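Student: Chains as they are written, first to last, in the numbering used here: chain L, 1 to 303; chain A, 1 to 140.
Simulated from the structure, these hints should not be mistaken for lab results. Where hints are given, some of them may not hold.
[What the hints assert, rightly or not] Below, a list of computed lysine to aspartate or glutamate pairs in the EDC-like style, where the Cα atoms sit at most 16 Å apart:
{"hint": "1", "chain 1": "L", "residue 1": "64", "chain 2": "A", "residue 2": "108"}
{"hint": "2", "chain 1": "L", "residue 1": "59", "chain 2": "A", "residue 2": "108"}
{"hint": "3", "chain 1": "L", "residue 1": "98", "chain 2": "A", "residue 2": "90"}
{"hint": "4", "chain 1": "L", "residue 1": "163", "chain 2": "L", "residue 2": "175"}
{"hint": "5", "chain 1": "L", "residue 1": "59", "chain 2": "A", "residue 2": "90"}
{"hint": "6", "chain 1": "A", "residue 1": "110", "chain 2": "L", "residue 2": "61"}
{"hint": "7", "chain 1": "L", "residue 1": "271", "chain 2": "A", "residue 2": "112"}
{"hint": "8", "chain 1": "L", "residue 1": "59", "chain 2": "A", "residue 2": "111"}
{"hint": "9", "chain 1": "L", "residue 1": "98", "chain 2": "A", "residue 2": "111"}
{"hint": "10", "chain 1": "L", "residue 1": "271", "chain 2": "A", "residue 2": "90"}
{"hint": "11", "chain 1": "L", "residue 1": "98", "chain 2": "A", "residue 2": "108"}
Here the structure is a predicted model, which is why all the values come from computation and not from measurement.
Chain residues, written in single-letter form:
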Amino acid sequence: MDRISRRGFFECMAWVGTGVVWTATGGILSSRVLPAAAAEPAAGSFSFVQISDSHVGFKGEANKDAAATLQEVVTKINALPTPPSFVMHTGDLTHGQKPGAFDTVAELLKGVKAEKILYIPGEHDVFLDGGKEFLGRYANGGPGWQSFDYKGVHFVALVNVLKYKGEHLGALGSEQIAWLQKDLNGLSTSTPVVVFAHVPLWAVYPAWGWVTEDSQQAMALLTRFGSVTVLNGHIHQVLQKVEGNVTFHTAMSTAFPQPAPGVGPGPGPMKIPEAQARPMLGLREVRYVVGTSPLAVVDSTLA
Amino acid sequence: MELIKLARVGRGMDRLCRFTMTRRGPSCPRRGRFARVPLAAMIALAVLVTMGADVPAQAPASVEIENSNYLPPSLTVPAGTTVRWINLDEETHTVTSTTRLFGSAGLDLKEEYSHTFTAPGVYPYTCDLHPHMRGTIVVN
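Kindly produce the complete structure, drawing on both the sequences and the hints.
Tutor: Quick look at the structure:
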């Protein structure tokens, strides 16, 4: 008999119109014929939300009140038809690490209807004190990187704003990369993996600091997996890239937009009226449907 | 700055005079005594200028931070100068010495930071939020 993978079997069956979705609930296998399965989300499926770059404390032309737009995003999260299993904030919670800003963020996100809210830092959250306040609040004083498994998906949260030397802001550091290698070791290649990091893990625009200098080493550890979704922030706009089984998505900010790579003199906040900025701010819902790949990424704005 | 200019001119005139050494001793052709008169006047003027209460000895030196650039990227100043940085970006920036000799907090739009450079040397600095930003103060 020909060697065939589970995925290959499904593909063959789909051709002949007898595709089936298998899900495991409580250890008991059950099946549904594909067309019927499409009508309702398969058991074991879930969604989570990514928000990024809330920059609470920012006051500029594009947004006079970053806390208010973050509150609007919280309201939108709570209005989602399917409540997210968790919310991940991919960094730059505060703008300039202003006193009281972390408290404001914590207060606002208390209103989110989700089991868990997770955070990784952006450079604005750590530059004053090398991350002491942030890591004390959100990582029990640990290094800030972590991983967890949820319904068969492996999630990894990385910190790439604390190890830089030289010209590049984004850096993971050898200790974290060694940790990642150990963390991924032993996972089967069919495990979907989701990776969060603040600064993009691909070279979006190095001249503006939109790159992680040692990301290649991390990505090399991930290429063996059948489905890898990388979710980043930092650049305040949605850009996507596909490299084999890896899809990269950067996210909108909830505070202010930044220009497209290389367009204009620098990466700073766009100086546009608030009404024009709103459609460029928003959140992201990511849906995982068991047996499908890649994850479905749905961005929505404050417009 | 004025004091320096005048002193340089004075020295130049001295060189011209020495060039025309004759058996009778130094003299400046065509200019004769006139070479010494402007020199003396210049020195006197320089003394008067430095005594003037409303003229600062060192002019303030400024660096603007705009579009994530330090402008000018390299600034040369005499020892004792206070350099003032001003952030013209909505984005937060810092002025952080790469050798930890001086450093600002996060600067918002229109916020300033000053540091007085007393020792001659070369002082590179960067922004803690944007390490690709580079600036230098050269102190004579």
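Student: Check the hint pairing residue 98(L) with residue 111(A) against an upper bound of 16 Å on the C-alpha distance.
Tutor: 14 Å, holds
Student: Hinted pair, alpha-carbon criterion (16 Å max): residue 59(L), residue 90(A). Please report holds or violated.
Tutor: 8 Å, holds
Student: Sort out whether residue 111(A) lies within 16 Å of residue 59(L), counting only the CA atoms.
Tutor: Holds, because 13 Å separates the two Cα atoms, which is no more than 16 Å.
Student: Run the distance test for residue 271(L) versus residue 112(A): straight-line Cα separation, threshold 16 Å.
Tutor: 21 Å, violated
Student: Against the 16 Å threshold, does the CA-CA distance of residue 163(L) and residue 175(L) hold or violate the hint?
Tutor: 10 Å, holds
Student: Within 16 Å, alpha carbon to alpha carbon, are residue 98(L) and residue 90(A)?
Tutor: Satisfied, since the Cα-Cα distance of roughly 14 Å is no more than 16 Å.
Student: For the pair supplied as a hint, residue 110(A) and residue 61(L), confirm whether the alpha-carbon distance does not exceed 16 Å.
Tutor: Holds: residue 110(A) and residue 61(L) sit about 14 Å apart, inside 16 Å.
Student: Would the pair residue 98(L) and residue 108(A) pass a check requiring their Cα atoms to be no farther apart than 16 Å?
Tutor: 10 Å, holds
Student: What's the verdict on residue 59(L) and residue 108(A), does the C-alpha distance respect the 16 Å limit or exceed it?
Tutor: Holds, because 9 Å separates the two Cα atoms, which is no more than 16 Å.
Student: Are residue 64(L) and residue 108(A) close enough, with their CA atoms no more than 16 Å apart?
Tutor: Between residue 64(L) and residue 108(A) the Cα gap is close to 14 Å, so the pair holds against 16 Å.
Student: Does the alpha-carbon distance linking residue 271(L) and residue 90(A) stay inside the 16 Å limit?
Tutor: Given that 16 Å is the threshold and the Cα spacing comes to 9 Å, the pair holds.
The structure does not agree with numbered hint 7 stated previously, though it agrees with all others.
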